[in-house]
Amino acid sequence: MKLKDFAKLVGMSATTVSRALNGHPEVNAQTRARLIAAARQHGYQPNAHARFLAMGHASTIGCVIPIGGRNEIVNPIYADFLAGVGEECARRRFEINLTVVPEEEQPDAYRALSSKGLIGGVIVQFPRHDDPRPALLDRIGLPYVVHGRVTGHDGPYSWVDVNNQRAFQRGTEFLLQLGHRRIALINGDERLDFARRRRDGYLRALADAGVGADPALMASGEMTAAYGYAQARRLLGGARPTAILCAATMIATGVRQAVEEAGLVLGRDLSVLTFDDDLSYYANREAVPVFSAMRSPVRVAGARCAALLIDRITGGPGDPVQELLEAELVIGRSTAPPA
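Quick note on our numbering: the sequence shown kicks off at 1 and runs consecutively.
Some clues are possibly wrong.
[Said to hold, decoys possible] What follows is a set of in silico ranges between Cβ atoms, one per label pair, in the way DEER data are often shown:
{"no.": "1", "residue 1": "Ile331", "residue 2": "Leu118", "range": "44 to 50 Å"}
{"no.": "2", "residue 1": "Asp154", "residue 2": "Ala239", "range": "41 to 47 Å"}
{"no.": "3", "residue 1": "Glu103", "residue 2": "Pro215", "range": "25 to 31 Å"}
{"no.": "4", "residue 1": "Ala83", "residue 2": "Gly11", "range": "38 to 44 Å"}
{"no.": "5", "residue 1": "Pro102", "residue 2": "Arg34", "range": "44 to 50 Å"}
{"no.": "6", "residue 1": "Lys4", "residue 2": "Gly152", "range": "49 to 55 Å"}
{"no.": "7", "residue 1": "Met1", "residue 2": "Asp130", "range": "46 to 52 Å"}
{"no.": "8", "residue 1": "Asp108", "residue 2": "Arg268", "range": "50 to 56 Å"}
{"no.": "9", "residue 1": "Arg233", "residue 2": "Gly43", "range": "53 to 59 Å"}
{"no.": "10", "residue 1": "Leu118", "residue 2": "Asn75", "range": "24 to 30 Å"}
{"no.": "11", "residue 1": "Ala83", "residue 2": "Ala207", "range": "36 to 42 Å"}
{"no.": "12", "residue 1": "Gly212", "residue 2": "Ala79", "range": "37 to 43 Å"}
These are computed hints drawn from the structure, not numbers from a lab. Quantities reported herein were computed from a predicted structural model and do not represent experimental measurements. Note that CB positions come from ideal geometry on N, CA and C, so glycine has one too.
Generate the whole structure from the sequences, applying the supplied hints.
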């Protein structure tokens, strides 16, 4: 059903109907409520272009997903992040545009989204150290919010990030307080900014405790169960650590499998502490969780990124907003003093 047909059906002008359904304040609440009820009854939904004309901005936010190589982000973490984005968009009557491209084609994708004019802004995910995307988006004038931070980008920009350095410093300190000294780190891809910050927190805690960092106890790669399993097998095959710090629950799941296959007991023979994004698929929320963890729900981060971006789109340019989320230490069954 087109706008003019729905307007004729309810006996109002197309302009009034459009403004009411898109939240313009000059339309009174009673009229808006009546039109919303009628739209639901007759299955009418305004299209994106109509909303653009009525509101003066696009009511759609974009997410560009790079695929291929080691950095593919179509995974449970990204799925929960998108769920948070989607919840906030639904609450604010916005839509999401997902653009999946090879990693090297991201700049062209952002330019295309901007030139089409139906995207109000984008969320930038998984930023790298010296990531070029914020500078590109500044040049083309497309509003954005970064999930994470970009070390090396000088310009002001809005971001939502977990305090990754502090989370891994605190997690390492917890293991040190239990008496562990040989603490391994199975990290994410250290080309990414968040993984660098996590490594820095781990190294700082070791240095503050006077414990030397052993390169053989550190690994960087994809945050998957298979990667965690392979790295745990490697670590258990030599002078094994007494504790392992994991960058994600998926990694910890693979570590647990390797530990059990080796005939060891998690939390008795080897301690494991993980970063927990509080994923719906990898729930770690029993009364006493399986894994001790530094927890910060990625779904919350997704909702906050969407909220900041929508505020920017609807409110116009303003000072950048930056939110640093702290992770919570949750004690589970996977940590204990060294045997």
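Here is what the structure says about each hint:
About 48 Å separates the C-beta atoms of Ile331 and Leu118, a value consistent with the hinted range of 44 to 50 Å. The hinted range of 41 to 47 Å is satisfied by Asp154 and Ala239, whose Cβ atoms lie roughly 44 Å apart. The supplied range of 25 to 31 Å is met by Glu103 and Pro215, whose beta-carbon atoms lie about 28 Å from each other. For the hinted restraint 38 to 44 Å between Ala83 and Gly11, the CB-CB distance of approximately 39 Å keeps it satisfied.
In this structure the hint that Pro102 and Arg34 lie 44 to 50 Å apart at CB holds, the actual value being about 48 Å. Between Lys4 and Gly152 the beta carbon distance is about 52 Å. The supplied range of 49 to 55 Å therefore holds. Look at Met1 against Asp130: about 50 Å separates their beta carbons, and that is inside 46 to 52 Å. Judged by the Cβ atoms, the range 50 to 56 Å given for Asp108 and Arg268 holds: they are separated by roughly 53 Å.
Evaluation of the 53 to 59 Å hint for Arg233 and Gly43 yields a pass: the beta carbon distance comes to about 56 Å. Taking 24 to 30 Å as the suggested C-beta distance range, the pair Leu118 and Asn75 conforms, at roughly 28 Å. A C-beta distance of roughly 38 Å is found between Ala83 and Ala207, which places it inside the suggested range of 36 to 42 Å. For Gly212 paired with Ala79, a C-beta distance near 39 Å keeps the hint of 37 to 43 Å intact.
Every hint from the earlier list agrees with this structure, and none is contradicted.
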